[in-house]
Amino acid sequence: MADKSSDPVALWQNMIGEMEKGFNAFANQAMASPQFSKAVNQMGGATAGAQKQLGELMEKYLVAMNMPSRAQMVGMAERLQSIEGQLNEIKAMLHQMQGGANASGGYSQTRRPPRTKRPPSAGGEQK
Amino acid sequence: MTAAGPDLAGLDLASIPARIQTEVERAIQRSIKGVEYMSSAGPSLGSTPKDILSSRGTMNLYHYRPVADEIYRVPILIVMATTNRGYILDMVPGQSFIEFLLKRGYDVYMLDWTAPKPEEKNLRIEDYVLDFIPHCVEQVQRDSGESDVTVIGYCFGGVLSVLYGSIFADGPMKNLICFTTPVDFREMKLFQNFSDRRYFDVDHLVDSIGNVPPEMILSSFEMLRPASRAASQVQLWENIWNDEFVKSYRMFDRWATDTLPLAGEYFRAITKDLMWDNKLYNDTMTVGGRKADIADIKVPILHAVAEHDHIVPYGAAKHLITKIGSADKEEVILKGGHVSLVAGANAVRRLWPKLDSWLCERST
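Line by line, the protein sequences are chains A and B. In terms of the working numbering, the first sequence opens at residue 1 and continues consecutively. In terms of the working numbering, the second sequence opens at residue 1 and continues consecutively.
Next comes chain A alone, as it looks inside the complex (with noise of 0.2 angstroms):
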């Protein structure tokens, strides 16, 4: 096998390293400065108010339309989402009340090991 520094294929892994490290460093170092947060947060808060603008006419043009709006949508997931709760604490009802019953099949309380463990060095068993 040829070692390390002779291996095409090594020194071009070697290199892809090396290239990351530096590039990352250098865009770290010009990312550090003052200018640099200034810059990227000026773009940012001009693509916030934008957008925030968009949201608003967006919201004008489909109440226009006639169609449902942003509202009424997250009015109807969050009725899914009670109902999906409710469907939930019924299904855990269900698997208490299975357990209590104790029968086969499902998870439930009865069915959990003891809370007995020892550490392997005070009870001196394996891991």
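Please keep in mind that the hints were generated in silico from the structure rather than gathered at the bench. These numbers come from a predicted model, not from an experiment. It cannot be assumed that every hint is accurate.
What the hints assert, rightly or not - So, partial list: chain B residues that the calculated Cβ filter (under 7 angstroms) puts toward chain A: (1) Pro66; (2) Glu70; (3) Tyr72; (4) Arg73; (5) Gly105; (6) Leu190; (7) Ala227; (8) Leu236; (9) Trp237; (10) Ile240; (11) Glu361.
Cβ atoms here follow ideal geometry from the backbone N, Cα and C, with glycine treated the same way.
Chain A is already provided as a structure; the job is to place chain B on it using the hints.
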């Protein structure tokens, strides 16, 4: 010199035909596997059997079904970072921290997050520290029948756990384990610069868009190492013939890009209280009017930090152990980065066994 003869300036000439053959075979495999990669789904993640105990908006509390015949008395509640999904700790069998804990006889619960909806933009840090975590701790107590609970927090989940532990210092938290948890936010130098209060108008951002979108969170993480994504794709192409490498790449890539949005008010508080005023480090942090002083935590603590963590550098994390009031405290610095500390082959060898040996003695 013959072709079979040994080296010319370190080059083993005899090995060249074999290397060429290997590289040709790999090139063919790359083409075949490359097509497979594009057309197939990634591995199924987070599949350890679990039950949902409580769900409320962005908050979900899971209980993982024990697999050992006998378990330790004290249950574990894992508090996941609010920016990412909890399945980083439950990748696939053999590479799942949750599975490891279950096999070692722990009773495991996880507080995991889903994307906050637009109407949850008003969630504040108070909701997380004074409501979600205490609610989950109560649920764990009720479900397990035990009054004591071990809390494990990952990254910002660690910050939330520390805030919770310092406010509820009288219990019921019995042990605290933090992974890569920042305390001195000045040391997160690039994040500091991104959120420089002279240029970053957090009020304008939150008032304009409500929840902070996941793309913004992801790009701020990726900007810390801007060349790494491109380099990892080159690495993927080189290793696409290797099924194990591809599987691992897909798992981590999917998780890393599956970033969650942050509730607007929560983000505003983090920016102002932690990034700008560094209140946790300065011992001036309050949550909902209640003082959160790290020194008030007296329970045993283990803090695991990564040697090459580019997100939470050691300088930001090291103060947790020095500031905490516990007599029984330990910090371990392990090889690896922010993610490889807790998941993947590195974690299987290093962090998980260390955590088990520390926690088993304190779980009875």
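A quick look at each hint next to the structure:
1. Pro66: holds, 5 angstroms
2. Glu70: holds, 4 angstroms
3. Tyr72: holds, 5 angstroms
4. Arg73: Result: holds, 4 angstroms to nearest chain A Cβ.
5. Gly105: holds, 4 angstroms
6. Leu190: Holds - the Cβ of B/Leu190 comes within 7 angstroms of chain A, reaching about 6 angstroms at its closest.
7. Ala227: holds, 4 angstroms
8. Leu236: violated, 12 angstroms
9. Trp237: Nearest chain A Cβ about 11 angstroms off; hint violated.
10. Ile240: violated, 14 angstroms
11. Glu361: holds, 5 angstroms
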